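K.L.:
The chain contents come next:
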Amino acid sequence: MIKYLIKGKITDASNNAINNLNIQAMDSDQEWFEDHNDDLLGSSKTGTDGSFEITFDDSTFTDSWSEQKPEIYLILRNENGQIVRRTERVKIESYDNTNGTTSIPINITLDSIEKMSVQTSTDLYWNNDRILSAFSSVGDTITFNNSDFQRNFGLLISSINGWLIYTNEIIWKQIGYDGPQVPRNPLQSHHTHRLSWDQ
Amino acid sequence: MTMTNCIYGTEIFEKRRECYKIINTDVTCNVDVCVIGSGAAGAILGAKLAQSGMSVVVLERGPYYDGESMNQREADMIPLLWKNAGANFTSNLRIAIAQGSCLGGSTVINDAVCFRIPHLVVEQWEKMGVTISKAEWDKANDEVSNRINVQEVTEEELNVNAKKLREACKKYLNDGKPIVHTNNHRNCGPSLSDNSLKSCVKCGFCHLGCHYDTKQSMLVTYIHDALNDDKADYNAYCNCRVDSITHDNGIATGVNGTFIDSKGSEAYRIRVNAKAVIVSAGAIASSNLLQKSSIGGEKTGKGLALHPAPFVMGLFEEEIFGNRGIPMSYTCHEFGVTNEVEKGGFLIESIFLPVFQMALAIPTLGSDHNRMMQNYNRYTMAGILSRDESVGKVLISYSGNPKVVYNLSDQTIEDMARGMGILAKMWFSIGAKSVITSHRDVPEIGTKADIPKLKDAVRENPDNLMLGSAHPQGGNRMGNNEKECVVDSDCKVFGFDNLYVCDASVFPTALGVNPQLTVMALAAITADKIIKNWKDRHILENYGTTCHLTQPRYCKTEQLSEKFAVVEHKENLFRSLANSDDKKIIIDKNWKFDPNGLKIYNNLYWKGFYGRDNDLMTNALRYFGGFYKRFRQVDNGRMEGTTHPFETQVVNAKNIATQKYVPGYGKVIHLEYTEFPYSTAYDLLKIVDENTIIGKAFLGPFAKGRELFSFSMSRVYDVNFLTEEDLLTLFHSDQLSHKPSEKELVGTWEGMLVSDSSLSPRSQIFYFNYEDGEIDMRYSFANMLTGRSDVLTEGSVLRLDDPTPFHDEIRMVTPEFAVGVWMSEWSSKDTLQPFIDDLRRYFPIKISNSDIFETNVSLLDRLRFRGIRLPKEFGSSFLHVEENEQHETRVGLLYALKRMS
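Those protein sequence lines, which keep their order, are chains A and B. Residues 1 to 199 in our numbering are what the first sequence spells out, letter by letter. Residues 200 to 1100 in our numbering are what the second sequence spells out, letter by letter.
Read the hints as simulated data drawn from the structure, not as lab findings. Remember, predicted model here, so these are calculated numbers, not experimental data. Treat the hints with care, as some may be off.
[To be verified] Stretches of chain A that chain B covers, calculated by requiring three or more beta carbons in the stretch to come under 8 Å of a beta carbon on chain B:
#1 9–18
#2 45–53
[Claimed, not checked] Simulated coverage check for chain A against chain B, where a stretch passes if three residues somewhere in it have a Cβ under 8 Å from a Cβ of chain B:
#3 123–132
#4 164–170
Ideal Cβ placement from N, Cα and C applies to all residues, glycine included.
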């Protein structure tokens, strides 16, 4: 039996300890199974100095047929059980093994508590899934009438036409449309709040 | 969850101005007030009530975006901020309805126009039973206008388009007299995010969200105030679809909702237990929610007005650049309610559209369309805002969505024809070369002489008008007549003590002017009344359908897994694992039904539940792999059990349950299967309470197996998880169900098919009407097959016959819940056998109460694939076969019926 010890400290960007965070150590089986089937190796809470320790042995993750080395990631949760960070997976190949215990150091720096909520940003603009899901609720609220076919077909064509042509910046320039006055992604691009026609 | 003053949502952002947290779990909360909607009404009600000392939760269907996210691009912002990504239409696709669906509601995407409620409308509403005086309106208007900084548009702020409209108004004489026209009032002011901006930047993108935060929408005023008030207890949950308001005997008890992620999938759930519930979801959505919650009956959804608005553009030699500057800053009042026009009428308001919406609005195709769009910078534009009659209605669609049925009235058509004629004449009078209209038959007219042609086209073929609406109003009429109105003048729903509807849906008539300020004023008035008349009441704590340790059947697989990790196994309850010795249901001994909570206590076995996830795998398990476990005590430390799928008669996995310490899991029950092939698997169980267990299934040797899935088990469950046996027990018991009289069934019922593991999603809707002593029954199966049935009341069941060889039999359990079967006629098994064989080829069949097919099952038979045949012992049990004492057989489906209205 091999014993493992995950040891680490959670701090913010200014090296202040973050206490009272719940830490779950998970063994990933991402290659084969869904995330929610991953093995829980052990769990712990950070102390006042932000440090934590989780011990476990190979019986908690060794499958009869799959790989014998754990692939570990940590789930950090706040007091309310909300996941504030899921770390990258770390494949344990070889670490210091003294007194029969393999030590795995994982130190995590979080920019700030607010920043901890950030996983990956939602794709805000041109999100086809978002648009399709919004359209899906329209479905059975429309009653199609055969006598309206020509009219509705016209509407469809003009919508597609409008979407394809008049959301295109090259066309905007051709017809002299000033267009938006801020960058496409204003959150990430530096910009001024002055209008092009005022300058 | 008790974190105060924050916005919660499912979308993940990096920079937010307000405190914003991501929902990662189901939420339950107990508050004083739950406000549904965060627009003009909801935001003000939420903020005022919170600042008066009440704890408030606001639920918003849309997401939370700051001005900084708003990038002025139609293709990006309309899907982000508008309801249904902008695809929001009347059911006949005649009118596009623009409504906001984001934190702050339509105030985020409107053109910031503020009109006070016209005094004529106040008088008209008073005559219709609304007891809100002009003084009350004035006071509330002052209060709200002050906070959102309502100011008259200055001369410097008028753009060329507005000035052209003013010029045209000055030239136009009505019966030889000058007409009434003024600058608008707007709610703009110092920016919340950019100190250098003291007021409107005049970019012209108001209805794509104000990037500069100068438009004083609810997001930057009332919502911001409440969030940042240390004394207020105020939280807003975004991306939250409210599914129903729960109520009991005229008391609203709370709200059930679902968090939707940006892909439209259901993520987590929320249950709010509240002392008062306020619906401010906006016209259309508010009616829809009341209908989904069976509130208001036939009155709900009636009397919808839309302010449908056609436009007329003038084409000029010179460049106008209508898109530059404030789009809506000037109004001609002459023909509208603001100029004492009592019935109908219209305002002519300056407006301009960004290029994509302009392309949609111009009613031509091909080269004509291209030519017209080339002149984009040379148009003036104004719209005819018609004060229409409240002729529309909101119905509930099969899927539960609002269906807006609206046909223009003759008066409105005439107003539009007249208004478009006047506006065309105005543009010509100041030198327009031609005029573009929103009528597909007459999209362009070259001279004043063609104006009658345009008016005739509107009158004769109004269907070909391209119409937009941004002001849906009505549906939950306010007044003093309980028979016609949904709410009283306090916005309180008739028949309820603590349920309010407050938004444009309560307007008894169309307002005739842009409604945002009136909606806000009404919210301010209503908030004051609620504060003044507040009656503290006890909160009935309830977890709704959220994941909780006491009801893990509502958890997602991931949540089950987490709960399994943290919950402590109750060792002392090990003995209570044992089930009833009886093998059949004996009512009130091993099986009970609670008609009040619609709950079943069943100690024949522990019924298994999978996670509520909606992925393919879990759905397959749910409908094909339902199971139960049954235990019998052998000695103090040991239980013998069997695990048995509902769908097969041959699988009977014997096991032994013992309590053990398992590394990584702590003390658990180890369920060891004793016979091959099941012995390759094992389960770990934790007893949560005497009727609840959470477990995990593993494949492989003990303590080293691969985890397959998490599950829960219970001896108490609600009718959403009814088994076939439960349904048949209810159906055949004279104590628990009865034959409904025709009148008892009147209303709308949704049907869900019964598989043993969980009810299916809605499969059918039944409509029962009773008129002139006769019952009329209509049905809609899967929103595809519709028809009528004859209702027969002979015998012990209510029977529905239609021309198919199948019929329905229904028995009523409670006024809100009934059980039914859809069955063929009894026939000899020789007659039915070929039919069943045929079905068996494609559908797995559950054999109940009969062994006729059991005997001839051979391995060969099970492995013989024809079509997509599956062995009959495996799979969905939706199809039900039964045999009577005369050895006749019939086949069909079982279903549960829940009252919708």
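K.L.:
State for each hint whether it applies.
P.N.:
Quick rundown of the hints versus the structure:
1. 9–18: violated (count 0)
2. 45–53: Coverage by chain B is violated for the region 45–53 of chain A (0 residues, Cβ < 8 Å).
3. 123–132: holds (count 9)
4. 164–170: holds (count 3)
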